[in-house]
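Asker: I would like the entire structure built from these sequences, with the hints used as guidance.
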Amino acid sequence: MKKGYFGSFGGMFVPELLVPPLAELEEAVNRIMPEKSFQQDIARIYKDFVGRPTPVYYCGNFSSELGFDLFLKREDLAHTGAHKINNTVGQALLARHMGKTCLLAETGAGQHGVATATAAAMLGLECMIFMGALDVERQSINVQRMELLGARVEPVQSGTRTLKDAINEALRYWIAHQQDTHYCLGSAVGPHPFPLLVRELQSVIGREAREQLLERTGKLPDKVVACVGGGSNAIGIFHPFVNDLEVQLVGIEAGGSGRTGDNHSATLAKGSPGVLHGTHSFLLQTPEGQVLPSHSIAPGLDYPGVGPEHSYLKDSGRARYEVVHDHEALEAFRLLSGKEGIIPALESSHALAWVISSTRNIEPGSQVLVNLSGRGDKDLNIFRKAEQDTEN
Amino acid sequence: MDNENILTGKIHQALNNGRKALIPFVPAGFPSKKRFWDVVLELDDAGADIIEIGVPFSDPVADGPVVEKASLRALEQGVNLEWIIEGLAENSPGMRAGIVLMGYFNPFLQFGLQDLAQKARKAGANGLIIPDLILEEVLPYIDMFKEHDLAYIPLVGLNTPPERLKNYAGLDPAFAYLVSVMGITGTRAGADKLLRDKLTQAREAFNCPVALGFGLSTKDQLEPIRDLVDAVVFGSALISHLDEGKSAGDFLRSWR
Numbered sequence: 018m019k020k021g022y023f024g025s026f027g028g029m030f031v032p033e034l035l036v037p038p039l040a041e042l043e044e045a046v047n048r049i050m051p052e053k054s055f056q057q058d059i060a061r062i063y064k065d066f067v068g069r070p071t072p073v074y075y076c077g078n079f080s081s082e083l084g085f086d087l088f089l090k091r092e093d094l095a096h097t098g099a100h101k102i103n104n105t106v107g108q109a110l111l112a113r114h115m116g117k118t119c120l121l122a123e124t125g126a127g128q129h130g131v132a133t134a135t136a137a138a139m140l141g142l143e144c145m146i147f148m149g150a151l152d153v154e155r156q157s158i159n160v161q162r163m164e165l166l167g168a169r170v171e172p173v174q175s176g177t178r179t180l181k182d183a184i185n186e187a188l189r190y191w192i193a194h195q196q197d198t199h200y201c202l203g204s205a206v207g208p209h210p211f212p213l214l215v216r217e218l219q220s221v222i223g224r225e226a227r228e229q230l231l232e233r234t235g236k237l238p239d240k241v242v243a244c245v246g247g248g249s250n251a252i253g254i255f256h257p258f259v260n261d262l263e264v265q266l267v268g269i270e271a272g273g274s275g276r277t278g279d280n281h282s283a284t285l286a287k288g289s290p291g292v293l294h295g296t297h298s299f300l301l302q303t304p305e306g307q308v309l310p311s312h313s314i315a316p317g318l319d320y321p322g323v324g325p326e327h328s329y330l331k332d333s334g335r336a337r338y339e340v341v342h343d344h345e346a347l348e349a350f351r352l353l354s355g356k357e358g359i360i361p362a363l364e365s366s367h368a369l370a371w372v373i374s375s376t377r378n379i380e381p382g383s384q385v386l387v388n389l390s391g392r393g394d395k396d397l398n399i400f401r402k403a404e405q406d407t408e409n
Numbered sequence: 270m271d272n273e274n275i276l277t278g279k280i281h282q283a284l285n286n287g288r289k290a291l292i293p294f295v296p297a298g299f300p301s302k303k304r305f306w307d308v309v310l311e312l313d314d315a316g317a318d319i320i321e322i323g324v325p326f327s328d329p330v331a332d333g334p335v336v337e338k339a340s341l342r343a344l345e346q347g348v349n350l351e352w353i354i355e356g357l358a359e360n361s362p363g364m365r366a367g368i369v370l371m372g373y374f375n376p377f378l379q380f381g382l383q384d385l386a387q388k389a390r391k392a393g394a395n396g397l398i399i400p401d402l403i404l405e406e407v408l409p410y411i412d413m414f415k416e417h418d419l420a421y422i423p424l425v426g427l428n429t430p431p432e433r434l435k436n437y438a439g440l441d442p443a444f445a446y447l448v449s450v451m452g453i454t455g456t457r458a459g460a461d462k463l464l465r466d467k468l469t470q471a472r473e474a475f476n477c478p479v480a481l482g483f484g485l486s487t488k489d490q491l492e493p494i495r496d497l498v499d500a501v502v503f504g505s506a507l508i509s510h511l512d513e514g515k516s517a518g519d520f521l522r523s524w525r
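If you read the protein sequences in the order shown, they are chains Y and U. Sequential numbering of the first sequence, starting at 18, is according to this note's numbering. Sequential numbering of the second sequence, starting at 270, is according to this note's numbering.
Treat each hint with caution, since some may be false.
[As the list claims (entries may be wrong)] The calculated DSS-like cross-link candidates involving lysine-lysine, where the alpha carbons are at most 25 Å apart (straight line), are:
1) U/Lys-415 / U/Lys-391
2) U/Lys-515 / U/Lys-488
3) U/Lys-415 / Y/Lys-19
4) Y/Lys-402 / Y/Lys-356
5) Y/Lys-19 / Y/Lys-331
6) U/Lys-435 / Y/Lys-19
7) U/Lys-302 / U/Lys-391
8) Y/Lys-20 / U/Lys-435
9) U/Lys-415 / U/Lys-462
[Stated by the list, open to error] Derived coverage of chain U by chain Y (criterion: at least 3 residues anywhere in the stretch with Cβ under 8 Å from a Cβ of chain Y; other residues may be distant):
10) 326-337
11) 505-519
Honestly, the hints are just simulated from the structure, not real lab data. Cβ atoms here follow ideal geometry from the backbone N, Cα and C, with glycine treated the same way.
Answerer: Right, dumping it as structure tokens:
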């Protein structure tokens, strides 16, 4: 395959001014990351700071109703409450090895921003976060968390004033500050080498889960299910299973309200190949190539693009991608909380919702592994508001 | 040279007349859909050597706030490649300046690159600048552009290493475009030693003329590097000028 490509997807569609820092990063990924000392450091940070390995939990109550065995990979128990931290501590460590003094990141709802600010604080790096002005208003608690952790949060006023514009602004900032700044991109998207780097760091999820399930049940899962926005938690749990061809990989995208004409985030299901933020991948766009606004009730899935490796997995047929709507995700959110005592993130609730609604397609007695990518405490306001809206 | 590229020729012509070639950039549909082609004709009249027409994109990451705003405004008015090509076909026959379309890759990709090359050339465009289509990614298309006699103009920066400048030179471009500030368009103009060194490297690497752009707002900024530059590109400064309701011709004449 061509360098930086997954089939015909991926690549490096960036202004020439970003080529040198991306080349520097690629060199660091190839040279520094495989070193024993880096691997030891990251293993120690994963264990002592992040709280890895995260457990795999067997949902006893739920499984008996569903008729198959449901296992959750508990990324909600990782430090800061989601899988995002796996990526940020890894990139922060790499940045320090590269001699960078500042971590730069974009954030949508604030989860990746908080995880970046956390990693920066732990490793003594400065931190600069770009966040859409609309998101700053909607997620004030996360802004406060980031600031408490020492980050500077810069509201972005351009375009749709959300995640996509925060990425634009972070790329611009990186062009001007590449000498001392590392751009800690939050998902397996963007130009090469980011999709590879983020996958590499998030694959700890799948490696652990594969081992934990084998140890516990003596066999591999029949299905691995994860939600897909940019797709970092999904690629993290999928990747170590890609060569286990008997394991079905299912990615779940956010379909929004499901009403015709409403915005959604089902990029792979309803988009077409195009170029955004440095990568050739599926994209929500007009026939003329202008990027469309996305929407999901789960802030972390609200992105009009998707990581190029997911486009490749879809195209090659190795993974399948399905769509779940807001109300189904909300129902899964409620069900898991009540039945298992675990409040899932609304993002992860999309993956759960598909499993719950697919009981007829899942053979009795089979094993299903869902990546519970984050905790849902952050989503209580959204949940409550949605409940009120339905009552009215 | 007999088969000199038309854009290269325009720059040489200016140099032969003892001046730098002037390359204004205007986002298509600016200041309004109605006024746009008048602005282009005015620039042509006032002696622009090459005119860059910006193709709007929803997410222009290599541009500053001035160009981004103009770009989004154009999109709201329904400006697209079809409109640009149609208008170009109508207006280009009487024009003296060379025409370059400048825009991000995705709108071109969705239009179809072969189709674009054919239609844009036929309408009177002479070249393309695509800020996010770097050396490695343009290679699949470079022969096709050549076949259609459409020049691909590379953008290089102050941080582009000499070997990479040479790789770009290997594409045999009509001219090379050096971005003068280590930032985005329209901020922090500067003409320090770094710029002199990079211009010197670029002149060594490229056989074609070298244009300097991004962040030029006054003629004085050009003084320290005059000897190293063949052409100058204006973007944000011209847009701001037009935004104040002033005439495009006056802007250009102040640079002649």
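Asker: Each hint should be assessed against the structure and marked as holding or not.
Answerer: Here is what the structure says about each hint:
1. U/Lys-415 / U/Lys-391: Roughly 14 Å separates the two Cα atoms, so the pair holds.
2. U/Lys-515 / U/Lys-488: 18 Å, holds
3. U/Lys-415 / Y/Lys-19: 24 Å, holds
4. Y/Lys-402 / Y/Lys-356: Given that 25 Å is the threshold and the Cα spacing comes to 22 Å, the pair holds.
5. Y/Lys-19 / Y/Lys-331: 19 Å, holds
6. U/Lys-435 / Y/Lys-19: 22 Å, holds
7. U/Lys-302 / U/Lys-391: 22 Å, holds
8. Y/Lys-20 / U/Lys-435: 21 Å, holds
9. U/Lys-415 / U/Lys-462: Violated. U/Lys-415 to U/Lys-462 sits at ~35 Å, over the 25 Å cutoff.
10. 326-337: holds (count 9)
11. 505-519: Our answer is that it is violated, as 0 residues pass the Cβ test (under 8 Å) against chain Y, missing three.
The structure is inconsistent with the numbered hints 9 and 11, although it conforms to all the rest.
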